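K.L.:
Required output: the full structure, derived from the provided sequences and hints.
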Amino acid sequence: MAKLDETLLTGLPPFSKLEQSAIRGILDKAKLHRHNERAVIFNEGQAADRFFLLLDGYLRVIRSTPGGDQIILLHISPGQLFGIAPALHRDTYPATAVAAAESVALSWPVRLWPEFMSRYDGFATESYRTLGQRLGQIQETLTEMATQAVERRVASAVLRMISQSGRKTESGIEIAFPVTRQNISDMTGTTLHTVSRLLSAWERAGIVASTRKHILVMKPHELVMLSEIQG
DNA sequence: ACATTAAGGGGTA
DNA sequence: TACCCCTTAATGT
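Numbering (the UniProt record's numbering), first residue to last: 1 to 231.
It is worth saying that the hints were derived from the structure and are not from the lab. Small disclaimer: the values here were computed from a predicted structure and weren't measured. A few of these clues could be false.
Stated by the list, open to error - Okay, the calculated beta carbon distance ranges per label pair: (1) L192 <-> S21: 49 to 59 Å; (2) T194 <-> S21: 52 to 62 Å; (3) D69 <-> G166: 21 to 31 Å; (4) D69 <-> A39: 19 to 29 Å; (5) A201 <-> S118: 19 to 29 Å; (6) D121 <-> R38: 21 to 31 Å; (7) D69 <-> A205: 24 to 34 Å.
Using N, Cα and C, we set each Cβ at its ideal position, and we do this for glycine too.
P.N.:
Right, here's the structure in full:
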């Protein structure tokens, strides 16, 4: 396999404080993965033999309910660690990771985890920061699901996606990866029909513009209002 | 205030 | 063509 370029990791939080030689060593132990949209990177319950860093693209983290349908817990954007089961002292992945768009990731065998934690300055802090953020985000989503009306939940979900993956354009901020109505309903515990109706209503109000798998938010502030204030 | 059902349009492999 | 994504109206809880 061709040698990976060191600039892939320089500047990324887990490795930002490292010397070139250390980064070289880390890259030489890494495996490079490319995934097409909808490809499964690993499954919930599967033996966690490697941990990952997303270089490019977007992932969905999914859990299946006993009822059979799936819940989208969160998205992962470039530069983030994922599949870090060893940080939770687990030997299986707690959720399924699916590529939301064409993605590129690096991975390392879990046996290198202790070494990374102790040897590389910033890696441990970044891992725990990531875990904390994820936990907080999931907790927030779940509380939302249990307590708030559908329109507020959908507004929050869209806002979360644009704050994590928003791409600025002339007319607003667009979600940087493909999202279907069904996807949003899987994030918010509602149906694709309700999501479709809400997006249509918001479109008539000039808040968003959406086409197939693509959402552009033209008035983020209005969405914030919808996510906070009772309709 | 929501889900479900039904019926259809349009795009794409 | 079959399949996926999206829309809307009517009806049900």
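K.L.:
A separate judgement is required for each hint: does it hold in the structure or not?
P.N.:
For each hint, the structure was consulted:
Look at L192 against S21: about 51 Å separates their beta carbons, and that is inside 49 to 59 Å. Judged by the Cβ atoms, the range 52 to 62 Å given for T194 and S21 holds: they are separated by roughly 54 Å. For the hinted restraint 21 to 31 Å between D69 and G166, the CB-CB distance of approximately 28 Å keeps it satisfied. Taking the beta carbon of each, D69 and A39 are about 20 Å apart, inside 19 to 29 Å as hinted.
For A201 and S118, the hinted distance range of 19 to 29 Å is not satisfied, since their beta carbons lie about 53 Å from each other. A hinted range of 21 to 31 Å for the beta carbons of D121 and R38 is inconsistent with their spacing of about 37 Å. Judged by the Cβ atoms, the range 24 to 34 Å given for D69 and A205 holds: they are separated by roughly 30 Å.
In terms of the numbered hints stated before, the structure departs from hints 5 and 6, listed from lowest to highest.
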